[in-house]
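Colleague: So the chains spell out like this:
Protein chains: 2
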Amino acid sequence: MPHARTVRCVCITIRNQPVNPRSLEKLEIIPASQFCPHVEIIATVKKTKERRCLNPESKAVKNLLKAFSKERSKRSP
Amino acid sequence: MPHARTVRCVCITIRNQPVNPRSLEKLEIIPASQFCPHVEIIATVKKTKERRCLNPESKAVKNLLKAFSKERSKRSP
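Just so you know, the sequences run in chain order A and B.
Quick note: the first sequence uses my numbering, first residue 1, plus one each step.
Quick note: the second sequence uses my numbering, first residue 101, plus one each step.
Bound-form chain A, shown alone (with noise of 0.2 Å):
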């Protein structure tokens, strides 16, 4: 019996508002699978430990990866 390929993304709601890219512990990048079909973006923020689901498509998400690789640059020996 093949398995049931039943939709099972995390990210219910998706916030759009810009993300301080100092106040997250971390942000995970789900890709898209048969589980489900697009990119999830998930952010924890420090403080809270909240999750957030972000748009990837927003300019806030691109903002924030390139914050990350600046700081890359920056910090790396």
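There could be a bad hint or two in this list.
Using 20 Å as the maximum straight-line C-alpha spacing, the simulated SDA-like pairs for lysine to any residue come out as follows [to be verified]:
id	chain 1	residue 1	chain 2	residue 2
1	A	Lys26	A	Ile14
2	A	Lys26	B	Lys147
3	B	Lys149	A	Cys36
4	B	Lys146	A	Cys9
5	A	Lys26	B	Ala132
6	A	Lys26	B	Ile142
7	B	Lys146	A	Cys36
8	A	Lys66	B	Lys126
9	B	Lys166	A	Leu65
10	B	Lys166	A	Lys49
Calculated from the structure, these hints are not laboratory results.
Since chain A is already given, all that's left is putting chain B on it; use the hints.
Modeller: The following block gives chain B in isolation, referenced to the frame of chain A:
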């Protein structure tokens, strides 16, 4: 008494090998913090659930992030 600021990076060994985006379950980006002075990138492999630390400076990681952005624009509605 102040908190001790010990180094608590997640990654000990870092791989430079290229990673196939299709084989990944998720990618975690942990920004530099008081606990770890550099960005950490952790890839979870689908089949084995193995977590691999990647070099944020490597072409492989830059290509991964690019691959995800392409996937986004292709698959999201």
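Colleague: Compare the structure with each hint and give your call.
Modeller: Structure-based check of each hint:
| no. | hint | result |
| --- | --- | --- |
| 1 | A/Lys26 with A/Ile14 | holds, 17 Å |
| 2 | A/Lys26 with B/Lys147 | violated, 23 Å |
| 3 | B/Lys149 with A/Cys36 | holds, 18 Å |
| 4 | B/Lys146 with A/Cys9 | holds, 16 Å |
| 5 | A/Lys26 with B/Ala132 | holds, 10 Å |
| 6 | A/Lys26 with B/Ile142 | holds, 11 Å |
| 7 | B/Lys146 with A/Cys36 | holds, 14 Å |
| 8 | A/Lys66 with B/Lys126 | holds, 19 Å |
| 9 | B/Lys166 with A/Leu65 | holds, 11 Å |
| 10 | B/Lys166 with A/Lys49 | violated, 27 Å |
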